[in-house]
Each structure stands twice: as C-alpha cells, then as structure tokens.
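Protein chains: 2
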Amino acid sequence: MDAPAVSVLGPGAAVLAFDVGGTDTKSALIDGDGRLLGLRRTPTPIDAADPAGSVVGSLPVLAAALLAEHPGVEPSAVGLSVPGLVDEETGTGVFASNFGWRDAPIRALAETALGLPVAFGHDVRAAGDAEHRLGAAREFGDVIVLAIGTGIAGAIILDGHPYSSGGYAGEIGHALADPHGDPCTCGAVGCLETIASAGAIARRYTAASGIEVRGAREVLAAAAGGDPVAASVWNDALDALADALARLAAILAPEAIVIGGGLSQAGDALFAPLRERLDARLSFHRRPRLVQARLGDDAGLLGTALAARDLAGRRGQEDAP
Amino acid sequence: MDAPAVSVLGPGAAVLAFDVGGTDTKSALIDGDGRLLGLRRTPTPIDAADPAGSVVGSLPVLAAALLAEHPGVEPSAVGLSVPGLVDEETGTGVFASNFGWRDAPIRALAETALGLPVAFGHDVRAAGDAEHRLGAAREFGDVIVLAIGTGIAGAIILDGHPYSSGGYAGEIGHALADPHGDPCTCGAVGCLETIASAGAIARRYTAASGIEVRGAREVLAAAAGGDPVAASVWNDALDALADALARLAAILAPEAIVIGGGLSQAGDALFAPLRERLDARLSFHRRPRLVQARLGDDAGLLGTALAARDLAGRRGQEDAP
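Top to bottom, those sequences are chains A and B. Residue numbers for the first sequence follow this note's numbering, beginning at 457 and rising by one. Residue numbers for the second sequence follow this note's numbering, beginning at 457 and rising by one.
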C-alpha cells in the first residue's frame, strides 16, 4: 500500500496532509525529514445530506491508520485541501460542485475532529504553491500555475505571493473563451474548460466522431495519426489555450506560466504548438516562458503539507517563551 | 491661464507634477495645502531624433514658469508620468509608440534637468492610484481602474497595492478580444481597443457608414437615434467590453472595476448595458461592482503629484537626524 518514502520537502515539522479530490482523497504522514509516509489514495466519501461532515469525518480514520503504521512520528499540524471555491483566510469551503457544500466552516470542523491545528486550502493553489517553492515555478516572482485535467484551474503568484481574492481568483478554466460556445457545467457559456480541458477534448471528439475514448491522450494520438476530427478538436483546444495565455500576458504579464495536470503529460505535443501560437498572438507584450510542471500528481499533497508546516512553524513561534 | 486652485490632495509636501501625454503635457505646482497651482496644458514636444531629451528638456521651462508665478512655494520633489511601457522601479521609459523611445533612463535625465528627486511613473497607473487613494476605487483592496479613451489601458491594484510586473501588466486594451478581428497598431490582431475604445468606435462607424464623426459621443447619439450602423458598432463595443470584464472577474476577481476616460462620460448609456451584459456572462464568479471614475481628466496629474509627495516623504525620513 505504501509508496516508497521520498523526501522532497526537507527537514521540518511532522504533519499530516490530506488532499481531498472529487473522486479520491490522497493522504500521507510527513516526518521530520520531509519523507511522505503511507501515501495513499482512498475514495472520497460524498454525502449530499452532509457533505462537509462526511469528508471531515473520514479524516480521523485515515489519520489513525497512518499514525498506527508510524508510531514514532508525532504530527503537530494538519494540512487539508479541497477543490471548489475556498477562502483560506476564514477557513471556509465557499462552494464545491462535486460535494455540494456552501460556506462550510471546514477548518473548524477538521480541527475539532483531529485535535490539531489545520491549514485549510485550495487544491490547485496548494499545487501551485508547491511548484513555486519546490518545482517548476521556483525561480519566478510573477507566475501562473495552470492545472489542465478534467477541468482547468489556476494558481496566481504575484510578487512572490499567492493571490486568491477570497478564493475567487484564478478561475482561468471559467474565463470566457468562446461567446458562441457550449454551455459549461458552471452555468456560464463558452468557458475555456469547455474547449481545452482534457475532459472537453475527449468529450468533443466523441460527440463529433461517435467514437468513445478513455481520455484526451487517445484524441492526440488519433490527431497525430491523421484523423481529421481529432485534429480539429485538438486544434480548437490549442487555439483556445493560446488565446487564454495571450490574455494572461496582456493583463498580468507573468514571467512564466507553468502547466500541469493530465494534459501537460503530452509534453512537446502540447508545449511546442502552444508556444508557437502564443508567440503569434503577442506583440510588445512580455512573453511568458511556458514550462511543464515538475511535481506531477502529488503537487497538491506536497503544497498541503507545506501549508501544514508553515502553520506548525507559526504555532511554534507563538508558543515559544 | 490658471484654473481655480483646488485642494483634493490635502496637506503635505510642495511638489511639481508633470503628466506627459502623446499630445499635451499637464503641469502644476502643488503647495503644502494640496492646492493645484497654475494647472495648464501645453503641447508635448515630440522629436523622433531625441524623444526622451526633448520631453525632459521641456520640463525646466514649465517648472520655471510655475515657480515664478508662485514664489512662496518651494517644491521638494517632482512627479513625472508618461504613457507606454514604464518601469517605475528602474525609472525607465521602456517603450512608447507616441514618442519612440526605448529603454530611456527618463528618471535620471529628469533629476539632472530639474535638480530635484523625481518620482517617475505611468500615466494610467498614476490615475489608478489617484482613484484608489482619493476617488472611486477608494474602498476596495482588489480593484482594476480602466481608462477607455483613444486607447484602453488599466491599472491593477491587488491587496491594496499596485501590480505592474515591470511595466507590462494592465494592458487590457491589448488583450485579445477577437482572434478574427482587425490588426491593432501594436502589431497584434483583434486587441480589445480595436473594437471598444472611444477611438475605435468612431473609426469603425466612419468605416461602415462613410460618415465622419468627431468621436464616440456622436456614434452613441446616432445609435440612440435609431441609426442601425451606429447601433451595431456600439453593440460590438459593449459585447467586447463585457467579455473582457467577465474574463477579469474569472482571473482576478476584483471587488470593483472603475472605468474612466472619455467613454466613461457616457454614464448610464455605458454602465447600464455593460452591467447587464457582464451579469449574463458570469455564474459562480464574484461579480465586480462597475463604478464610474470620480477624478475625471486630472486623475493622472493627481496620481503623479501623490507619487512625488510619497517620494518627498521618504527622502524627508532618510534625511531626518
């Protein structure tokens, strides 16, 4: 069950980290050397009647198992990240379509359930923070980290600090791409993620060709193999992404845009045409470097652990004599 | 020649302020009570052979006239704002299409020419700062101030502080609006300001109707009077603006967007349909308040004076025993 213990975090406080997704929850115990112990995926319990209570209720069970396996490690804080709209400052899950909660005081609930201080955050911003502190965004002060998978979401780091605007910023997947486009599950029309997410690429290909695919990877392979429907769907996605990145360059002028998530695993098949199309759309603008994310699938969990360590550090200072 | 002296700035250091535009330069002496003395517009001297030298060379002449008229006022710093790409930190005019300079050390040139410390800035960010400290953006921590006139430019204020990314941020007028649109003077295609600036509205109406107009105001009047060509041009501008504001809401989620510049003088004819169209484009996003700028035409000069006072304050502290 255990993945091999790795230490990308370095020395620091021992903490528990939970990265709760719409399908799976990743959890791990991080020891004082920064090793991820017991890293595992378990199904996220979703209960429409009590969504926050159900998710929070699963945490002590996971914690007990991790602590039982590693009796020498005593965590002093917990990191907990969830998707949707998250207000880190107030510790509130403002909204999450996968779960159905609204303005749920998740930090307070988790602190009561676990008996430890909890750093509560947003999954994609946690991943962005990890890329900024440990990964591909490390050398940049103004940088946007985009996760392109089932949907598209972004973490915005400006002047070295995360910018979240009470949880509402960074919704690049729900920025308008095509005013005459498809309805988005969010209720708006023509959002970027209806065209350019890995999920949309697969969906649009199936709708246009009648051929079922397991994901965007198969569509890219079909496009490379000469399938004109796949090529057209992929072309639309690249154009919509390039349009979106060009707008980010005009508005925020980041030094770099780091792209992670499932689609980024296409590597040069994504980055080469995207660089070319972005370049063609810019004039005097600062050209952002397009960089592949480095921390992979565990970026969210690593960022969550970092937030827990930050919290443990602050608590430690407050408690010092 | 003098406008009536007004004090919107309040007490502080006496400073000189120059807001250099592509056509006119506004200058004034600000006294210790914050009154604008001798506020005037003079033609900006443009010399392709020595653009920075020519502009900077005009400043001591303007300064001498202002000081001669108000012999009791002794400025301790100067504010100087220009359009284009401006790096406030290094004091560099990176690029300005109206002037033709590239990487000109304008702050250093102006300090030598005037013998006073110079706060060098960007005209639209100066106006945004004035609206944030004294005007319509005052109550907001995350706010974008848009100037819609001949072109479109923005000042971005996040967590209460201006964000400029070395001068490249806020170029909302040069963010992509229509990938199949008209070429922009900047070299890109389909920039927002090719559709939605006051200049574009007049230009597009004349191109479509063959009727010469003096500005967007006449096009709005024609649209209100039932001219279908004018209505179509105005409709395109409103749609492009609403698209752009919806994207800003998704990406940055500002509490408010303040709109100034010539087009904002249309008042409800602009704000009412823009609010409606923006609202129709958003779902879960934070809805920004759309607010008309309050400081009018002098916002840039006021922001420039504020920057000079900030500088005088810092110098005063450094000099204190």
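Bear in mind the hints are in silico, worked out from the structure with no lab data behind them. Just to be clear, a hint being listed does not mean it is correct.
What the simulated footprint calls covered on chain B by chain A, stretch by stretch (three residues with Cβ under 8 Å from a Cβ of chain A suffice, anywhere in the stretch; the number is not a length) [what the hints assert, rightly or not]:
1. 474 to 481
2. 566 to 575
3. 635 to 644
4. 690 to 702
Residues from chain B that keep clear of chain A, each with C-beta distances beyond 12 Å, as calculated [to be verified]:
5. Glu-525
6. Gly-540
7. Arg-594
8. Ala-687
9. Pro-710
10. Glu-711
11. Ala-722
12. Glu-732
13. Pro-744
Bear in mind that the values here come from a model prediction, so they are computed numbers and not experimental data. Backbone N, C-alpha and C fix where the C-beta goes; we use that ideal spot for every residue, glycine too.
Hints, verified against the model:
Coverage of a stretch by a chain is defined here by at least three residues with a beta carbon nearer than 8 Å to that chain's beta carbons; for the stretch 474 to 481 of chain B and chain A the count is 0, and the condition is violated. Restraint check on the stretch 566 to 575 of chain B versus chain A: 0 residues with Cβ-Cβ distances below 8 Å, three needed, restraint violated. Chain A is given as covering the stretch 635 to 644 of chain B, and this holds because 5 residues of the stretch bring a CB closer than 8 Å to a CB of that chain, at least three being needed. With 3 residues having a Cβ less than 8 Å from any Cβ of chain A, the stretch 690 to 702 of chain B passes the three-residue criterion, so the hint holds.
Distance check for B:Glu-525 against chain A: the nearest CB is about 39 Å away, which clears 12 Å, and the non-interface claim stands. In this structure B:Gly-540 is not separated from chain A by more than 12 Å, as the shortest Cβ-Cβ distance comes to only about 9 Å. Its beta-carbon lying about 18 Å from the closest one in chain A, B:Arg-594 satisfies the requirement of being farther than 12 Å from that chain. Non-interface call for B:Ala-687 relative to chain A: holds, since the shortest CB-CB distance, roughly 18 Å, exceeds 12 Å.
Listed as outside the interface, B:Pro-710 is inconsistent with that label: its C-beta sits roughly 7 Å from the nearest C-beta of chain A, within the 12 Å cut-off. The Cβ of B:Glu-711 does not lie farther than 12 Å from every Cβ of chain A; its closest approach is about 8 Å, which violates its non-interface assignment. Every CB of chain A lies more than 12 Å from the CB of B:Ala-722, the least distance being 23 Å, so the non-interface label holds. With a closest Cβ-Cβ approach of about 15 Å to chain A, B:Glu-732 is found to remain outside the 12 Å limit, as its non-interface label requires.
Separation of B:Pro-744 from chain A is inadequate, the least Cβ-Cβ distance of about 10 Å not exceeding the 12 Å criterion.
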